[in-house]
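Enquirer: One-letter residues, chain by chain:
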Amino acid sequence: MSGLAEILPILLALVLGAAVAMYVVLDGFDLGIGILFPIYRKEAERDQVMNSVAPFWDGNETWLVLGGVSLWAGFPKAFAVLLPAMYIPLLVMLLALIFRGVAFEFRWVAKPHHRKWDIAFAAGSIMAAFAQGLILGGVLQEIKVEGYRFAGGPLDWLSAFSVMCGLAMVVGYALLGATWLMMKSEGEVERKARRLGVPLLFGLLGFIALVSVWTPLQIERIAARWFSVPNIFFLAQVPLATALLAWLCWYAIRRGSLILPFVSAVGIFLLALVGLVVSNVPYLVPPSLTVWQAAADPSSQVFYLVGVSILLPVILAYTAMVFWLFRGRVKPGEGYH
Amino acid sequence: METVAGMDAVLLGRIQFGATMAFHIVFPAFTIGLSAYIATLEVLWLRTKKQHYHTLARFWTKIFAVSFAMGVVSGIVLEYQIGTNWSRFAEVIGNTLAPLFAYEVLTAFFLEASFLGIMLFGWNRFPPWLHTLACIVVALGTALSGFWILAANSWMHTPAGFTIRDGITYPGNWFDIIFNPSMPYRFAHMMIATYLTTSLVVAAAGARYMLAARFPDEARTMLHMGLGMLALLAPLQVVVGDLHGLNTLKHQPAKIAAMEAHWDGTHPAPLVLFAWPDAKNERNLAEWSIPKLGSLILTHEWEGRFPGLLDFKREDRPPLLPVFFMFRLMVGIGLLMIAVGITGSVLWWRKRLGAARWFLHPLAYGWPVGFVALLAGWIVTETGRQPWIVHGVLRTADAAAPVTAAQVASSLALFVLVYGVVFSIGVWYINKMIRTGPQPFMAGPESLPSRPLGAAQPGAEKLP
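As they're listed, the protein sequences go chains A and B. For what it's worth, our numbering labels the leading residue of the first sequence as 1, then goes sequentially. For what it's worth, our numbering labels the leading residue of the second sequence as 1, then goes sequentially.
Read the hints as simulated data drawn from the structure, not as lab findings. Be a bit skeptical, because a hint or two may be false.
[Said to hold, decoys possible] Estimated spans, in silico, between C-beta atoms of each pair:
#1 B/440 <-> A/155: 56 to 62 Å
#2 A/159 <-> B/175: 44 to 50 Å
#3 A/115 <-> B/283: 57 to 63 Å
Beta carbons: idealized from backbone N, C-alpha and C, even for Gly.
Chain A on its own, in the form it takes in the complex (with noise of 0.2 Å):
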């Protein structure tokens, strides 16, 4: 294999990681509010809680469709497989994000005939974070293929591990959006978030214990990769921070910190997601497909790699434009509509 074709999957795959991480920060608070809406009972809050999302949803649910496009530019195989493989969690998902996404419109028209979309929002939010952790645990506990082709049943996916990652990713976006709203309202929707956060740090925390521990004892190479010596003195850090964010997250909740108990969030996700990849690289349908295995075509990923180093960084820079315009807390009654 030529020093390229080693090379440019893994730059690759660090795109990939890079939108997925993207999304699931965004896309997480904004499905967060939405998992959140049943415990704001009055109008006023509600409107409150979805004017705080509403100039930066539409941009985060964007990281999706990137995340999706990076899989089959870079990757067209493991796209090939993974995509039919998650048939119906994959529909779930797509019908889900569906009601959310249109209820963030229809919802003001539709006033003040308007229930009907708050119960779209939240259960479309609810349903697309459990689609995505069905979809989490059914890749993680292994596809079944033959020759680079998906060759497994409808319901692989389904099993009580990916149904426990589907309600990990439930509580997980729940807490960002709890976060979230400490940082970007005022009143009783921030108090209501604070008196929520701690009890869904600590539910968010059981599930990440709980996926580090039955992944290591239903995969054995989970399990070699992270216990055996020299690697578990560098893998441990991983766990290590992680309480140290969770132990952060947790004062700066209690502690009424405007910005901190979101930023410790995030960490949390993000140190899930270096978990994640740890425990799986270099495959990305364990165990059956590396990059490398999956690469497109070394013209195509040098194509894609040269927009990406262009414009992903005049994307983030005006992503980043747009919340600081929006920046500042939404107070109650407050909106743009």
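Could you slot chain B onto chain A? The hints should help.
Expert: Using the frame of chain A, we list chain B on its own:
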């Protein structure tokens, strides 16, 4: 092979892609045109300071927001559907086409989605120049998105710049892949179609208010701008469409033969105005045609010859009926648009537009006509490409994913149900907003009736 109601996974997948695409394509087509219209209104407002331009820009922005949301959520479905239902296609063309989709995301989707926030929620928060800039950027983003998606789509019709090894395509020259032979024609044809479609919606809304004697300034502006665009672009579309047709004849002659229901390539082709093409017996029933005119249009010679359907094996011919009839529907509506544009402009020039109720009445109800033409044209070109998914490279029958027909059938049923409900409601809401009409601008925080007006926003003027 496993089937559901006699249909296998390939046919069900085609119906699913067709149905979800038909719903989707309407929204981006409308938002491409509408974002350009809103940007134009804002620039006019900045230059002339006339209030009704501002009122109109705000009004159409609300409608834009609803349409855009529907376009986004229905578009994500399509990207993932390529993988779930057509994974073999995704794999075969992954090297050559997937980067084009990736560039669409990088250059267009993020741009639109990010600046949309400013466009929708920045009216009072930011200075007018920044808001106008955001509108222009969103319009640019929608057009760029059209560029990439039409480049990718054109490549499926006229693939170029690639090689095939072991059934998988490999890129050769990226310029040739992007600017493949049909791309410039298809892009021009489609962009004009989106502007025409939107112009008709705008003109129809103007006619509606004019008839009801509401919002006179706004109604006049909408009528003039909408009809003016129709008068300019509808004739241009005929020229571009003709060029596109000649290009198709060169690269996909079977599609042209099906569009014209032209069987015998050894004789000059008539222009078939109406017929019932009988694919089984290879002839036209009830044909009503003008001799040799088909040859004149397609070869620009009375005695010109071009391939007929008999020149292609049965298994290489596209389905005749949809291609033949949808082509006539599209052309018919195109001619109608020219008539509307010219009639409207003459009435405007003679200052009789406001009194011409016979003209305004049908116009007010004519807003969906452009979308019908758009969908008809899309059916012509995509059905006309069959039996290929990528012309000459991969047959549709060989492109499907290893999923069961039951999976595809149940997801198809769900999509039809959800799309039918959600997007019908969306169109109903748009109609409701048009019924309410443009609301005059109020200084102070933008607010809905349900919310208190008291809370001041940073940068917003205080209410009196």
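Enquirer: If a hint holds in the structure, say so; if it does not, say that too.
Expert: Here's how the hints hold up against the structure:
At about 57 Å, the beta-carbon gap between residue 440 of chain B and residue 155 of chain A stays in the expected band of 56 to 62 Å. Roughly 48 Å separates the CB atoms of residue 159 of chain A and residue 175 of chain B, a value that falls within the hinted 44 to 50 Å. The hint said 57 to 63 Å for the Cβ distance between residue 115 of chain A and residue 283 of chain B, and at roughly 59 Å that hint holds.
Violation of the numbered hints given earlier is absent; every hint is satisfied by the structure.
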